[in-house]
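Residue numbers (our numbering), protein chains in the order written: chain A, 1 to 301; chain B, 1001 to 1301.
Simulated from the structure, these hints should not be mistaken for laboratory data. Positions of the beta carbon are idealized from the N, C-alpha and C atoms, including for glycine. The reader is advised that the hints may include incorrect statements.
To be clear about the criterion: a stretch of chain A counts as covered by chain B if any three or more of its residues have a C-beta under 8 Å from a C-beta of chain B, and this derived list gives those stretches [claimed, not checked]: (1) 179-192; (2) 202-210; (3) 221-232.
Some chain A residues judged to face chain B by a derived CB distance under 8 Å, without partners named [to be verified]: (4) Leu-12; (5) Lys-15; (6) Ile-102; (7) Ala-238; (8) Leu-242; (9) Ala-257; (10) Glu-259; (11) Lys-271; (12) Ile-293; (13) Phe-296.
Number of protein chains: 2
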Amino acid sequence: MNPQKRLELSRLLSKLDRLNPDETLPIPDDTRAVGEAFRIGITGPLGAGKSTLINEITRQYREKDISVGIIAVDPSSPFTGGAVLGDRVRMYDLTLDEGIFIRSLATRGASGGLAASAIDAADILDAYSFDRIIIETVGVGQSEVDIVGACDLTVVVLEPGSGDSIQAMKAGLMEIADLFVVNKKDMKGADRFIMDLQSILEIRNHNRTHVLATSANKSEGISELLDWLENYFRQALANGSLLQRRNEQRIDRIKRAAETGVKRQLWEKIKQDDIIEFAEKGLPVRETARLLINGFIAKKG
Amino acid sequence: MNPQKRLELSRLLSKLDRLNPDETLPIPDDTRAVGEAFRIGITGPLGAGKSTLINEITRQYREKDISVGIIAVDPSSPFTGGAVLGDRVRMYDLTLDEGIFIRSLATRGASGGLAASAIDAADILDAYSFDRIIIETVGVGQSEVDIVGACDLTVVVLEPGSGDSIQAMKAGLMEIADLFVVNKKDMKGADRFIMDLQSILEIRNHNRTHVLATSANKSEGISELLDWLENYFRQALANGSLLQRRNEQRIDRIKRAAETGVKRQLWEKIKQDDIIEFAEKGLPVRETARLLINGFIAKKG
Chain A
1 MNPQKRLELS
11 RLLSKLDRLN
21 PDETLPIPDD
31 TRAVGEAFRI
41 GITGPLGAGK
51 STLINEITRQ
61 YREKDISVGI
71 IAVDPSSPFT
81 GGAVLGDRVR
91 MYDLTLDEGI
101 FIRSLATRGA
111 SGGLAASAID
121 AADILDAYSF
131 DRIIIETVGV
141 GQSEVDIVGA
151 CDLTVVVLEP
161 GSGDSIQAMK
171 AGLMEIADLF
181 VVNKKDMKGA
191 DRFIMDLQSI
201 LEIRNHNRTH
211 VLATSANKSE
221 GISELLDWLE
231 NYFRQALANG
241 SLLQRRNEQR
251 IDRIKRAAET
261 GVKRQLWEKI
271 KQDDIIEFAE
281 KGLPVRETAR
291 LLINGFIAKK
301 G
Chain B
1001 MNPQKRLELS
1011 RLLSKLDRLN
1021 PDETLPIPDD
1031 TRAVGEAFRI
1041 GITGPLGAGK
1051 STLINEITRQ
1061 YREKDISVGI
1071 IAVDPSSPFT
1081 GGAVLGDRVR
1091 MYDLTLDEGI
1101 FIRSLATRGA
1111 SGGLAASAID
1121 AADILDAYSF
1131 DRIIIETVGV
1141 GQSEVDIVGA
1151 CDLTVVVLEP
1161 GSGDSIQAMK
1171 AGLMEIADLF
1181 VVNKKDMKGA
1191 DRFIMDLQSI
1201 LEIRNHNRTH
1211 VLATSANKSE
1221 GISELLDWLE
1231 NYFRQALANG
1241 SLLQRRNEQR
1251 IDRIKRAAET
1261 GVKRQLWEKI
1271 KQDDIIEFAE
1281 KGLPVRETAR
1291 LLINGFIAKK
1301 G
């Protein structure tokens, strides 16, 4: 991708934050149809080594001349400039490569807003011909789960023996994971951790969820991971499960966009002063809300 | 509270899950007006010792003959029967006390739904004359932040030196905390952790956020914590800040209830088949969503 095109792409991505939920994404006509790229959602708790892992995956994809777009939603990710715990990943060599594009998205309070933006950004990178799109989120909260759940494949990265991992299970990550990567596989207790994880998966009937072990900062297990990913895509494309998954995700996106849109219209019609006026009547919360909605519908009719 | 009344209260709380967002909470006329109780939101990462701390706080309140209602939203909490990591809190003596009522709420996927239910449950315990209401959540995700943010006072419990704590900072807990409790104060590095925490608070201009150290499983620092809480309530009541906070929270609750209500009405009018039919037109997601909303509004008029 030439510098001119990169600049155009950057500017387009910057528009995302200001886009209304019922506005159509402004993708130029001279780009590729969206849907060609494979999308990999990578999530997991802080400190599990997600960013180092993404660094290594990207490096290996580039060796095969496959281009990679990275969307980082994790505010603590070095990709977003917010490295914590001192283990800053050296990725200056990645950013000089024209086959790589890195975009960070800030965490916003608005529920659903961030998920919608991240998926829009993936669509844009897809249109701009990136072959693989990696979306990184930190594994807490519903909107992060929504984001990685909107990918073709969801990878949950865990570190052996941390309490975080149990929390990750609780946060519903087990339900969305297609693959668990146990990173830092040289750590003490890693084998035991992997066995425990496999037992939990078996008990919960997630037998088809795979577990791989890596050591990203030693580049160990990465080519096996890449093979697994590529094989997964090949199979899912061939047996139709990829298409089915995307169709279901599209329905979910439409629903979420409709909900965001209707909420926006609600607060366009009903101003803060109206709410305060209604609130001062001293009626119960739910009754006050009902009156507000009735007013919204009346204004609409 | 007599057994008859307890049973009535239990049944009322069970109705919460089936309540529509625009239905008024069915509180019997012979109860106290809602708003007498002080509400304490307690949150923090898994393993910080929240449940042990709540156990100790409740014990000390009971010694002063102050009644306590506990609402546990944390699925890993021993209050909800889901003790993990083996440190099950012994609270059988609490549950035999008529001045204590414990209610657990399951984590549901629906955004906003859980927060609304938790606050409703607090209103009901308030009406049934509990003096202090403690709401426990695990500190991840927006809905958990919403819940503790709806209390008169928000306590964030941290454990010295864990990576979780940094994650807690990132998750927006610093913004909502009125008090940080560093539990397990005897742990190595606890003093340093407290100093670091205070520095961060200073840098971020949260100078009025206090930090207290406790060791809940040794009952250390609990009476100081209780004094701090009661002093906070006394002052907030006297200088009007409690009333102002509650008024602002009421506006937020009304807004959230209106949003939930309008979404519910949207999906009552528009069925899954309609969505699939619209989706199959192959238009972009946002445009499809806009068409759906327009259909909703047309049906309304």
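Let me make sure I understand: some of the numbered hints might not hold for this structure. Which ones are they, in numerical order? 1, 2, 3, 4, 5, 6, 7, 8 and 11
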